[in-house]
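**Q** Residue-level listing of the chains:
There are 2 protein chains.
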Amino acid sequence: MNVCVYITQMKLNQDIKVAVDIVLFGYEQNQLFILLIKQKYGKYKDRWSLPGGFVKDNEGLKEAAFRELREESGVVVKNLEQLYTFGDDIKRDHRYRVVSVAYFGTVKPSAMKLKASTDATDAKWFPLEDIAKLPYDHKYILQTAYERLRAKLNYQPIGFNLLDKKFPFSDLENLYMTILQKKIDRRNFRKKILSFEFLEETDEIIKKGSGRPAVLYKFNLSKYKQSIKQGINFEIKFA
Amino acid sequence: MNVCVYITQMKLNQDIKVAVDIVLFGYEQNQLFILLIKQKYGKYKDRWSLPGGFVKDNEGLKEAAFRELREESGVVVKNLEQLYTFGDDIKRDHRYRVVSVAYFGTVKPSAMKLKASTDATDAKWFPLEDIAKLPYDHKYILQTAYERLRAKLNYQPIGFNLLDKKFPFSDLENLYMTILQKKIDRRNFRKKILSFEFLEETDEIIKKGSGRPAVLYKFNLSKYKQSIKQGINFEIKFA
Numbered sequence: 015m016n017v018c019v020y021i022t023q024m025k026l027n028q029d030i031k032v033a034v035d036i037v038l039f040g041y042e043q044n045q046l047f048i049l050l051i052k053q054k055y056g057k058y059k060d061r062w063s064l065p066g067g068f069v070k071d072n073e074g075l076k077e078a079a080f081r082e083l084r085e086e087s088g089v090v091v092k093n094l095e096q097l098y099t100f101g102d103d104i105k106r107d108h109r110y111r112v113v114s115v116a117y118f119g120t121v122k123p124s125a126m127k128l129k130a131s132t133d134a135t136d137a138k139w140f141p142l143e144d145i146a147k148l149p150y151d152h153k154y155i156l157q158t159a160y161e162r163l164r165a166k167l168n169y170q171p172i173g174f175n176l177l178d179k180k181f182p183f184s185d186l187e188n189l190y191m192t193i194l195q196k197k198i199d200r201r202n203f204r205k206k207i208l209s210f211e212f213l214e215e216t217d218e219i220i221k222k223g224s225g226r227p228a229v230l231y232k233f234n235l236s237k238y239k240q241s242i243k244q245g246i247n248f249e250i251k252f253a
Numbered sequence: 015m016n017v018c019v020y021i022t023q024m025k026l027n028q029d030i031k032v033a034v035d036i037v038l039f040g041y042e043q044n045q046l047f048i049l050l051i052k053q054k055y056g057k058y059k060d061r062w063s064l065p066g067g068f069v070k071d072n073e074g075l076k077e078a079a080f081r082e083l084r085e086e087s088g089v090v091v092k093n094l095e096q097l098y099t100f101g102d103d104i105k106r107d108h109r110y111r112v113v114s115v116a117y118f119g120t121v122k123p124s125a126m127k128l129k130a131s132t133d134a135t136d137a138k139w140f141p142l143e144d145i146a147k148l149p150y151d152h153k154y155i156l157q158t159a160y161e162r163l164r165a166k167l168n169y170q171p172i173g174f175n176l177l178d179k180k181f182p183f184s185d186l187e188n189l190y191m192t193i194l195q196k197k198i199d200r201r202n203f204r205k206k207i208l209s210f211e212f213l214e215e216t217d218e219i220i221k222k223g224s225g226r227p228a229v230l231y232k233f234n235l236s237k238y239k240q241s242i243k244q245g246i247n248f249e250i251k252f253a
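The listed protein sequences derive, respectively, from chains A and B. For the first sequence, the residue numbers in my numbering are 15 to 253. For the second sequence, the residue numbers in my numbering are 15 to 253.
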């Protein structure tokens with residue numbers, strides 16, 4: 015096929031494509047999951063990978079991330095946060111030079127209906143520890159996202175959207191232990207968290223199994239949002 | 015001019031350009047500076063802006079940031095950290111749809127020789143508070159970088175490369191007060207910082223003006239690096 019173009023101005027001589035990839039963490043019953051989709055086309059056809067794809071000329075980066083996630087998995091999320099832009103390895107994609115702007119988010123899988131479409135034939139939650147290999151540099155992107163999630167727990171009150179509206183304190187402990195993958199000192203943890211003042215005791219209690227009844231907590235949304243906005247400083251206060 | 019091309023495969027229909035921009039912070043004598051370059055070409059000719067430019071097809075993103083900084087200002091830095099990728103506003107550049115991967119770093123201006131070249135006619139350090147307007151969304155990029163720098167002070171031991179090898183404790187206090195733009199409680203600050211154990215007292219003292227002689231400190235590089243690597247957790251320890 016011959017194509018003729020009339021060139022009216024000097025074109026910038028750059029041939030790099032821009033894509034987005036999404037790492038969506040799910041948390042349910044003390045387990046951390048990752049949303050993967052099954053590739054419909056190309057070299058990695060039928061392989062599970064992170065949702066993602068090329069950005070359209072007329073859409074913003076974050077908008078592209080929401081769209082790709084929705085199209086490939088049916089999942090609509092409220093928030094995605096930019097993770098990192100991967101493009102130091104110029105051969106990370108065999109098709110083109112592709113720079114990928116990665117996003118991550120956290121949701122409750124049970125609240126989501128999965129439905130693959132466009133470039134994906136299937137979408138599914140995988141326990142984090144079951145994911146051994148992924149196409150492209152998706153494993154590296156996933157690791158970066160997981161490190162960020164863990165690091166953020168230390169300086170930002172995240173993870174609350176993964177719990178019920180009212181929850182016993184032990185649910186929060188379990189969430190932290192699951193994401194940080196280690197035991198925590200419960201007394202210390204409780205003291206710290208309560209000192210941040212975005213948790214409120216309700217007058218409701220819950221009784222599970224043979225355990226003692228537990229007070230339910232909820233979090234103070236405005237204080238919570240304020241502290242996220244400030245990038246918080248959980249502890250180090252100089253002023 | 016008519017150009018004919020033979021198309022051998024389906025091309026991805028995307029026309030987005032990828033650029034890098036660099037926010038370089040300089041710190042000297044209790045003042046924070048930003049490196050700006052004077053534009054040589056285009057709509058913003060003769061205007062001061064952040065160093066930056068388009069990524070070459072065969073170079074990594076970070077590599078492009080180092081190159082642009084070096085070409086436009088003569089400055090060679092050891093480290094640049096990825097800040098954020100700007101591309102939600104599809105009209106942030108009037109020339110093309112441009113996605114910009116922004117980097118930031120911190121240096122001592124006195125150790126740098128400035129020399130503009132390629133797309134810049136001049137390079138200069140500006141006190142942060144003197145920068146009122148910048149072309150494109152560079153002011154927004156600068157603000158984002160400054161917020162990140164301030165936030166990082168709260169959870170990572172940064173800024174030490176801005177001090178002399180051995181320094182009185184007051185230099186560190188001044189650095190923090192300058193970047194955070196507020197007075198700090200000196201006793202509290204000293205207690206916190208020393209508790210992190212990456213500062214070491216030397217057996218040297220310094221006497222400035224009429225003040226009391228002050229002990230010089232240096233920092234323990236291996237402990238410092240270790241804590242940066244861990245993303246630190248200055249305070250919140252659950253284990």
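Watch out, some of these pointers could steer you wrong.
One copy or any two copies: either way a pair holds, since identical chains are not told apart in the list.
Keeping only pairs whose Cα atoms sit at most 20 Å apart, straight-line, the calculated EDC-like set for lysine to aspartate or glutamate is [stated by the list, open to error]:
(1) Lys31 - Asp71
(2) Lys31 - Asp103
(3) Lys196 - Asp103
(4) Lys105 - Asp71
(5) Lys70 - Asp103
(6) Lys70 - Asp102
(7) Lys76 - Asp103
(8) Lys70 - Asp29
(9) Lys31 - Glu73
(10) Lys147 - Glu214
If you are wondering where the hints come from, they were derived from the structure by calculation, not from laboratory data.
**Q** Hint by hint, note whether the structure agrees.
**A** Going down the list of hints, with the structure as the test:
1. Taking the shortest Cα distances, Lys31 and Asp71 sit within 20 Å of each other both inside one copy (11 Å) and across copies (10 Å).
2. Proximity of Lys31 to Asp103 under the C-alpha cut-off of 20 Å is found in both arrangements, the shortest distances being 13 Å within a copy and 17 Å between copies.
3. Taking the closest pair of Cα atoms, Lys196 and Asp103 never come within 20 Å of each other, the shortest separation being 33 Å inside a single copy and 41 Å across copies.
4. In this homomeric assembly, Lys105 and Asp71 come within 20 Å of each other (Cα to Cα) only across copies, at 11 Å, whereas the closest approach inside a single copy is 23 Å.
5. Proximity of Lys70 and Asp103 under a CA criterion of 20 Å is satisfied inter-copy only: 13 Å between copies versus 22 Å inside one chain copy.
6. For the identical chains of this complex, Lys70 and Asp102 are inter-copy neighbours only, at 12 Å across copies versus 22 Å inside a copy, given an alpha-carbon limit of 20 Å.
7. Taking CA atoms no more than 20 Å apart as the test, Lys76 paired with Asp103 passes between copies only; the shortest distance there is 10 Å, against 22 Å inside one copy.
8. Taking the shortest Cα distances, Lys70 and Asp29 sit within 20 Å of each other both inside one copy (15 Å) and across copies (8 Å).
9. With identical chains, the CA atoms of Lys31 and Glu73 are at most 20 Å apart both within one copy (14 Å) and between copies (14 Å).
10. Proximity of Lys147 to Glu214 under the C-alpha cut-off of 20 Å is found in neither arrangement, the shortest distances being 42 Å within a copy and 44 Å between copies.
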